[in-house]
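Trainee: This is what each chain is made of:
Number of protein chains: 2
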Amino acid sequence: MIPNSFIQKITDIVGESHVEHSESARMAYSYDATPNFQSKPDLVVSPKNTEEISQIVKACGEHQVPIVPRGSGTNLAAGTTPTQGGVVLLFNRLDEILEIDEENLTITVQPGVITKTICDTVEEKGLFYPPDPSSMKISTIGGNINENSGGLRGLKYGVTKDYILALEVVLPNGEIIRTGGKLAKDVAGYDLTKLLVGSEGTLGIITEATLKLIPKPEAKQTLLAIYKSIDQASQTVSRIIANKMTPATLEFMDQKTIKAVEEFSHLGLPTDAEAVLLIEQDGPPLVVERDIERIAALCKQEGAIDVQTAQSETEADRLREGRRAALSAIARLSPTTILEDATVPRSEIAPMVQEINRIAEKHNVNIATFGHAGDGNLHPTCMTDARNQDEMERVEKAFEEIFAYAIHFGGTITGEHGVGEMKSPYLAWKVGNAGLDVMKNIKAAFDPLNIMNPGKMFAKETRKRIIL
Amino acid sequence: MIPNSFIQKITDIVGESHVEHSESARMAYSYDATPNFQSKPDLVVSPKNTEEISQIVKACGEHQVPIVPRGSGTNLAAGTTPTQGGVVLLFNRLDEILEIDEENLTITVQPGVITKTICDTVEEKGLFYPPDPSSMKISTIGGNINENSGGLRGLKYGVTKDYILALEVVLPNGEIIRTGGKLAKDVAGYDLTKLLVGSEGTLGIITEATLKLIPKPEAKQTLLAIYKSIDQASQTVSRIIANKMTPATLEFMDQKTIKAVEEFSHLGLPTDAEAVLLIEQDGPPLVVERDIERIAALCKQEGAIDVQTAQSETEADRLREGRRAALSAIARLSPTTILEDATVPRSEIAPMVQEINRIAEKHNVNIATFGHAGDGNLHPTCMTDARNQDEMERVEKAFEEIFAYAIHFGGTITGEHGVGEMKSPYLAWKVGNAGLDVMKNIKAAFDPLNIMNPGKMFAKETRKRIIL
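Protein chains in written order, with numbering that gives the first Met the number 0: chain G, 0 to 467; chain V, 0 to 467.
Check before you lean on any hint, since a few could be wrong.
Stated by the list, open to error - With a cut-off of at most 25 Å between alpha-carbon atoms, the simulated SDA-like pairs for lysine to any residue come out as follows:
#1 V:Lys115 - V:Gly267
#2 V:Lys243 - V:Gln307
#3 V:Lys243 - G:Lys299
#4 G:Lys361 - G:Asp230
#5 V:Lys215 - V:Asn48
#6 G:Lys243 - V:Arg386
#7 V:Lys136 - V:Glu217
#8 G:Lys396 - G:Ala295
#9 V:Lys243 - G:Ile213
#10 V:Lys243 - G:Ala165
#11 G:Lys47 - V:Ala433
#12 G:Lys211 - V:Thr245
#13 G:Lys211 - V:Gly431
#14 G:Lys57 - V:Leu435
#15 V:Lys211 - V:Asn48
#16 V:Lys211 - V:Pro283
#17 V:Lys57 - V:Lys115
#18 V:Lys255 - V:Pro283
#19 V:Lys124 - G:Arg238
#20 V:Lys258 - V:Lys299
#21 V:Lys243 - G:Leu97
#22 V:Lys439 - G:Gly173
#23 G:Lys124 - V:Gly267
#24 V:Lys299 - G:Lys361
#25 V:Lys299 - V:Gly267
#26 V:Lys57 - V:Glu174
#27 G:Lys243 - V:Ala433
#28 G:Lys361 - G:Glu314
#29 V:Lys124 - V:Val287
#30 G:Lys439 - V:Gln307
#31 V:Lys396 - V:Pro350
#32 G:Lys243 - V:Glu98
#33 G:Lys211 - G:Glu122
#34 V:Lys219 - G:Arg289
#35 V:Lys215 - G:Glu217
#36 G:Lys255 - G:Ile213
#37 G:Lys219 - V:Lys57
By construction, these hints were calculated from the structure, which means they are not laboratory data. Quick caveat: nothing in here was measured; it's all calculated off a predicted structure.
Just chain G, with the same shape it has in the complex (with noise of 0.2 Å):
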């Protein structure tokens, strides 16, 4: 237990009103997203500027209290569950968009302001803020910045991380760095800004971000493409990117995907195919309308039995309604979903997916899979029950082969929803012994006293293993 004499210090910093420890507090900021990480925190602290945050930090500091900063708790790999107790950091009054500056296509943030808020307000003014993780109605962007943040237009317009110029951070020591500025070229010192990007609030507290803008896309157009066979799908794919076209959205299903949500949806989706594709280009119209056409005759070209290209709006959004309703369709079949991120080159799809059917089919679990088929992200999705525990053992088997083999085939254990809790017993086998050493010691350099979101990212000894 946290002594009274520290509760006394951070109430004194933020006020009484902004520090909840009662019972139902500490019950509601015990988890995140994340199924079976569930733990209270101590105390529940909503700081008003950074000025605060930095005396609650050094506080901390002093008293070897966690701090696990959280913005809406979207989080799918227990990043921001208080699994060592302390301080949950919120950043609900820290809410405010600084500035738009239409010069130099930046917005200036605060840290709890929600990710849609800032594509809907820059796109009134013409502009485009790309990163669109699914969670983006709910997500803040500060969450969004500590777990670089992916989303469906990664593929051409890539991730948080390529469009966070500037930082402003309180370190573990509580002093407060600024970061970058408004620039596209700084080369001034290691990167701190892309370090703390993505870093899971492991090495510091991001207070204020800048963000890049880029116009916002003329013209969309949307295809919907329904195939037999998976390799079909696989090979419109590769065919898609050997024609020096890059879509703004490529997303996959697969089989056990478009019957759930054909079950969920009814869309008219055919539950024999193998594998939708749901492909939108933007840019200027005459280019959108250029690539949707050779895009719809590649489609056909390699197999597609079905190849429906909007017309109005309307009709792009039925198209998008499948994809789009993916997660719930699923999430609906059983008491638990648990929904990965295992991410392979863009070539490795096809032998992906057979192989994340075969781990299935070996541990008798039931998994679907979707997701961006463009940049090799997909989300295996598993329906299960935390509560039957001879199955969670299951899956948490097959979840191990699935990630051993997103690495054999040149990838990844996590594409954009980070390591936390869950996926630190499998970080080494992606970044290797000596990678992992190097992690360890930044985070000992920023944060000698391992106060901040502690046991995040690097796994205790008792790590799993599986041997292939």
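Model the placement of chain V on the given structure of chain G, informed by the hints.
Mentor: For chain V alone, kept in the frame of chain G given last:
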């Protein structure tokens, strides 16, 4: 002096013919492209592979001998000078293109490959590697990665860092790690790839890199606009961005540069013009044509006295000639040329150029300015004589003020050249003392013995300071 036992150890690793310690070899590698930072190494070593490099690094660690990795030595910030002696490590025997992967749009190379060789090789396949530092005909990709090199296409396409997907690196302890992959999305742990790119050889030795490629733009057009007033040129840049266009090239020359270029190349540029903009757009032909027409109209609206649009590749070459000749034209006017790269947000280019002119006059030094207007990366270039001690002191004072103003305008001390030894006294101005401490801690975490390119990036205690 390094002991003979160390020389013998290195010779045993790479073979007699790949170790040089003659006076002439030591002299040849005693400097890079930066004036006034000459210092002889003890040994010049040319390893053949990663394993040899690992062994060399381990030997250097045991004997506490500095290692300076060096590509072609085109560095402009004394980043590749062996200012503390030791081993200069060459990559001339690691110069192979290992793979071009047309499915995943990547190229994998050894560090000694010439940058332009990469560009030419992939363009033959209809692909494109955008970073184009001015030295690309002789610089190596390893040097570009160490320095995070920029170039003319930064505004639209970004810099070297944006195209490095994966690295093989020998750490200062001799361990070999692999970072990243052929992946657009990878959040497995801290982003070592992006930390290593631009780390100026202070954190490890890059022995292999996988680069991201994009489809080659189908068409390109070139335009030159001449202005009586620098404000009109700057206003044109703002209007192009405000009109949601992102040119591939948006280059600027001031009056002194125009005069030098005209005396050198006789292109018919009016020497009373205060500014010239060279603007290029690339992409699908219809978009290029539309953008160039719109940009030409904007140039005229903002008061350009002459706007020339190339009707052929020969004409485009003629328009590019002035900007391309800028450095040579300036360099022939004095014994010593000091080319800097203070960078500001795009909106601050006009006030920054005015400050540069005021500062040059105040210190009675001769500075011409050209550079990348689109991304605010200016090249104030001083014509001087390194043998004139009095003038060199005034030059240093002038650049100190220029760096300070760049930071005042929200910019940085270096946009694309790196900190090296030359700009290390100024790094704290940009990143603050707390930021500098973080960087030093990262350096110590990687390289506790400080053998990797020591003395670079972090200044000795005796820093220069000025009061503005």
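Trainee: Sort out whether Ile213 (chain G) lies within 25 Å of Lys243 (chain V), counting only the CA atoms.
Mentor: Status holds; Cα separation ~8 Å.
Trainee: Are the Cα positions of Lys396 (chain V) and Pro350 (chain V) separated by 25 Å at most?
Mentor: 19 Å, holds
Trainee: Taking only the CA atoms, is the gap from Lys136 (chain V) to Glu217 (chain V) under or equal to 25 Å?
Mentor: The hint holds at about 23 Å.
Trainee: Tell me if the straight-line CA distance from Lys243 (chain G) to Arg386 (chain V) falls inside 25 Å.
Mentor: 54 Å, violated
Trainee: Lys211 (chain V) and Pro283 (chain V): Cα distance at most 25 Å?
Mentor: 21 Å, holds
Trainee: Is the straight-line distance between the alpha-carbon of Lys439 (chain G) and that of Gln307 (chain V) 25 Å or less?
Mentor: 57 Å, violated
Trainee: Straight-line Cα separation of Lys243 (chain V) and Ala165 (chain G) no greater than 25 Å?
Mentor: 22 Å, holds
Trainee: Taking 25 Å as the top limit, are the C-alpha atoms of Lys396 (chain G) and Ala295 (chain G) close enough?
Mentor: 40 Å, violated
Trainee: For Lys124 (chain G) and Gly267 (chain V), compute the direct alpha-carbon distance and say whether it is at most 25 Å.
Mentor: 41 Å, violated
Trainee: Measure nothing beyond the straight line between the CA atoms of Lys255 (chain V) and Pro283 (chain V); if it is 25 Å or shorter, mark the hint as holding.
Mentor: 36 Å, violated
Trainee: Take a quick look at whether Lys47 (chain G) and Ala433 (chain V) sit within 25 Å of each other, Cα to Cα.
Mentor: The given pair, whose Cα atoms are some 23 Å apart, holds under the 25 Å limit.
Trainee: Given the hinted pair Lys361 (chain G) and Asp230 (chain G), is their alpha-carbon gap at most 25 Å?
Mentor: Since the Cα atoms of Lys361 (chain G) and Asp230 (chain G) sit roughly 22 Å apart, the hinted pair holds (cutoff 25 Å).
Against the hints set out earlier in the document, violations occur for numbers 1, 3, 5, 6, 8, 17, 18, 23, 24, 27, 28, 30, 36 and 37.
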